[in-house]
Amino acid sequence: MQEIIVHKGEKKHLVIMHVAEECAQWQIKQEADSVLTVHVFCLDTTADTESSVILDIEQIGEHAETYIYGLGILTGKQQISVRTHVKHSVPNGKSNQLLKFAVRDEAKGSFVGELIVAPHAQHTEAMQTNRNVLLSPTATMHTQPQLEIYADDVKCSHGATTGQIDESALFYMQQRGIAPDEARRLLLAAFFHDVQTTLNEPAVEDRIQRKIEKIIL
Amino acid sequence: MLDIRNLHASIAGKEILKGINLHISAGETHAIMGPNGAGKSTLSAVLAGHPAYTVTEGEVIFRGKNLLEMTPEVRAREGLFLSFQYPVEIPGVSMTNFMRAAVNAKREHNGLPVLNAGEFLKLMRAKRALVELDNKLAGRSVNEGFSGGEKKRNEIFQMAMLEPCLSILDETDSGLDIDALRIVAEGVNKLHNETSATIVITHYQRLLDYIVPDFVHILADGQIVRTGGKELALELEQTGYAGLVNN
Ligand SMILES: Nc1ncnc2c1ncn2[C@@H]1O[C@H](COP(=O)(O)OP(=O)(O)OP(=O)(O)O)[C@@H](O)[C@H]1O
Ligand SMILES: [Mg+2]
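Residue numbers (my numbering), protein chains in the order written: chain U, 1 to 217; chain V, 1 to 247.
So that you can see chain U by itself, here it is in the shape it has in the complex (with noise of 0.2 Å):
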């Protein structure tokens, strides 16, 4: 397990490339006015084992800011879970959660996000968003997210959805010549492409880009 503090008015980031084999562990505890972001990217597709990754982070000072960002691309038979545990202890605080899973073959994803407001945190602002699709029928994701708001002046909202590539869109697609592989991989484009845009660090987005390009195709 990694300890990290992210001290007063400090700002971090944090880019996880999760190696398949792994079950990471992150500890994070932000001091106030600090900004933390987190980038998640679950791309290793090497091997067909069993993961997670683990992010427990925790506001102790004021006006601190969470974000967390995450797409991952599961194959094979791997198995992977994300968790993600947020709490807010103290008034003013701001989080934003925005994972994103494609999930292919007979592989297994989970996210569960658990997301805590204290009872005199007030004003905290909070946001998390799960979105899945399934390449293909055998391929499934587990969603739960995990909300507990003890304080009542507060603006928390989440959304999960999980479904399959649209078909609709696939066809008329193929209507204009494209191939199906093409189109996936247009429409996966598509998919994680407000994640990516969050990254505002081009080499790191062009590595991303390539790596998904690579297991897409």
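Hints listed in this document are in silico derivations from the structure and should not be mistaken for laboratory results.
The C-beta atom is built at its ideal place from N, Cα and C for all residues, glycine as well.
It cannot be assumed that every hint is accurate.
Ranges between beta-carbon positions, derived for each pair [stated by the list, open to error]: (1) U:180 to V:55: 16 to 22 Å; (2) U:163 to V:194: 43 to 49 Å; (3) V:125 to U:201: 31 to 37 Å; (4) U:204 to V:129: 36 to 42 Å; (5) U:160 to V:55: 18 to 24 Å.
Now the stretches of chain V that chain U is said to cover, found in silico as 3 or more residues with beta-carbon under 8 Å [stated by the list, open to error]: (6) 44-56; (7) 77-85; (8) 111-120; (9) 192-198.
Got chain U sorted already, so can you dock chain V with the ligands onto it with the hints?
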């Protein structure tokens, strides 16, 4: 160009097309009219290769080849274009990326080099002008948030980009305002030549004032029940389908 012989097709076990015969030569424009639920869109979907339909009998020859053996994308690259009655929205996929993939797939199929970025944008600009498609629309995701009329105009823009041999326009006139109808119809006419053919599916004579058909077919309950010249559409306006089918 297109030869449809005794085509039967069904969806979910229900027979919709019950023996269609239709011969279309290069240079011709055919209108297909008929009551709601007759099978007009089914015929276009079957020709385009939609996987939900099963062809149970008959054959279709397109430019000398067996159309029904081709995948939908190969049919498209061979020059078959369908302007959808209900164009699909594809959020996140830009018109530019979509069209570039389509145009280059067709070029590669025909042994032509793919277009570079500059050539491609030039082509986009020229074809946009043809149907007066707003630059803002061309810069957005495919059909996302387009109005009904804008989607139809976008279909004809795509047709202009792909320069098909056979275009099937499924109720392209529905949702278009009077000016847009004229612009879109003029676009279709400009794209039509002696080596291409057009099938227009419509409920209204108004479109046929602009796109003048050589033949008008009435499709009812999965069969072509009458064929005539352009005057058949006018007659239909007078009598309605009930009058015609009883004749
Ligand atoms: N999935 C389906 N299962 C059963 N019947 C279907 C299915 N899809 C279409 N149909 C039926 O097929 C018939 C033909 O439909 P189609 O869309 O081809 O008609 P159309 O001639 O294009 O009508 P319109 O003028 O309203 O566009 C209709 O009766 C319709 O209900
Ligand atoms: Mg129809």
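Legend entry - Consistency of beta-carbon spacing, residue 194 of chain V to residue 163 of chain U, with hint 43 to 49 Å: At 46 Å between Cβs, range holds.
Inset, instruction - State, for the Cβ atoms of residue 180 of chain U and residue 55 of chain V, whether the hinted interval 16 to 22 Å holds or is violated. - result: Holds, since residue 180 of chain U and residue 55 of chain V (Cβ atoms, about 20 Å apart) stay within the stated range.
Legend entry - Within 8 Å of chain U (C-beta), three or more residues of the segment 77-85 of chain V: holds (count 4)
Legend entry - Whether chain U covers the segment 111-120 of chain V (at least 3 residues having a Cβ closer than 8 Å to its Cβ atoms): violated (count 0)
Inset, instruction - Count residues of the segment 44-56 of chain V with a Cβ under 8 Å from any Cβ of chain U, then say if the count reaches three. - result: holds (count 4)
Legend entry - Satisfaction of the hinted span 31 to 37 Å by the C-beta atoms belonging to residue 125 of chain V and residue 201 of chain U: Holds - the Cβ-Cβ distance for residue 125 of chain V and residue 201 of chain U, about 33 Å, lies within 31 to 37 Å.
Legend entry - Outcome of range test on Cβ distance (residue 204 of chain U, residue 129 of chain V; 36 to 42 Å): Given about 40 Å between the Cβ atoms, the range holds.
Legend entry - Within 8 Å of chain U (C-beta), three or more residues of the segment 192-198 of chain V: violated (count 0)
Legend entry - Range hint 18 to 24 Å (beta carbons of residue 160 of chain U and residue 55 of chain V) holds or violated: Taking Cβ atoms as reference, residue 160 of chain U and residue 55 of chain V lie about 40 Å apart, which means the hint is violated.
The earlier numbered hints that this structure contradicts are 5, 8, 9.
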